[in-house]
Amino acid sequence: MGSWQRFLEKLIASMRQILGRKEKYADHLKMCPGCGRFVEASAKQCEYCDAAIAHVAVRADRGEDADVLPMTESVVAVFMLCVFFFALGAIVSSQSSENPRLGDVFAAYFSPNGEVLHNMGSSDPFSVFARGEGWRLLSYMFLHGNLIHILFNLSALAMLGPMVLQLFGLRRFWLIAFVTGVAGAAASTGLGALFWPHATVGFSGALFGFLGALWGFARREGDFTSAERWKRYMIYGNVIMIAVTFLGLAVDNLCHLGGMFAGMAMGYGLYDMQSSKMAKRVETVIVLGMFAILAFALYRIIPLTVLAP
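Per numbering that gives the first Met the number 0, the sequence shown starts with residue 0, numbered consecutively.
Among the hints, erroneous ones may be present.
[Claimed, not checked] Okay, derived cross-link-like pairs now, BS3-like style, lysine-lysine, Cα gap no bigger than 30 Å in a straight line:
#, residue 1, residue 2
1, Lys230, Lys279
2, Lys43, Lys279
3, Lys43, Lys276
4, Lys43, Lys230
Simulated from the structure, these hints should not be mistaken for lab results.
Construct all of the structure, not just a fragment, from the sequences and the given hints.
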């Protein structure tokens, strides 16, 4: 079986899991929300960091990949979307002039130009509010301004993504990612329209949303040790990002804060892992609706990039 065929089968399986089918949970292991290590399902306290770990469930989809961290296909899917759009932006940027020099082509693969990112769905006040292109509040998440930007975000995703998957499950992983990402863009684009209009790209709004959700879960759980740890990560992350802006680098701190506060609220609200059938249906509709918006964004983007003369 080819690697692409195998990936497509995993993607289909993930969509089936979003719809609530074939869900199985391990009865012998669960993940500590504080350090991310696996302990016995009967344990009430982590043997590694002493954090409280009551009722944390771990998905175990048995098969040939049972030894791999469960449900990582969704994290890989985010990876692939980000890498695909970054590569596409670099290719289009390198072909934006009639006679590109070698240096221009090389630079494009490190930093796609702003016009190309706009055509691919970056979020900015004029496009969102004046032109009514609200889909940009979602499409911007998978775009990145330069090579360092995407490498930093993907590294953070590799650390935070699996933990959010384990604590909240597949459907809510996407729900948290989409909602906090949109909240980050709304904060950045909305306040930017009032003070300093600018374009927004990157998955970091959702990453800060993941941090906020992990904090909210631990806080609601009563695990104050883990909650304090996640709070420190949020504080340090924001302080570092704000400090970086004084070095002249473009960092959208409003997006980070908007995503983080939305994630904190979701961590509290989604604490109960055994939600009602109605709640699951609503969550499923929201997630599938977000995917539909992404599909519409692709419909708008392709004529301006791949099919552009």
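Checked hints:
no.: 1; hint: Lys230 / Lys279; in the structure: 28 Å, holds
no.: 2; hint: Lys43 / Lys279; in the structure: 27 Å, holds
no.: 3; hint: Lys43 / Lys276; in the structure: 28 Å, holds
no.: 4; hint: Lys43 / Lys230; in the structure: 22 Å, holds
Going through the hint list in order, the structure satisfies each hint without exception.
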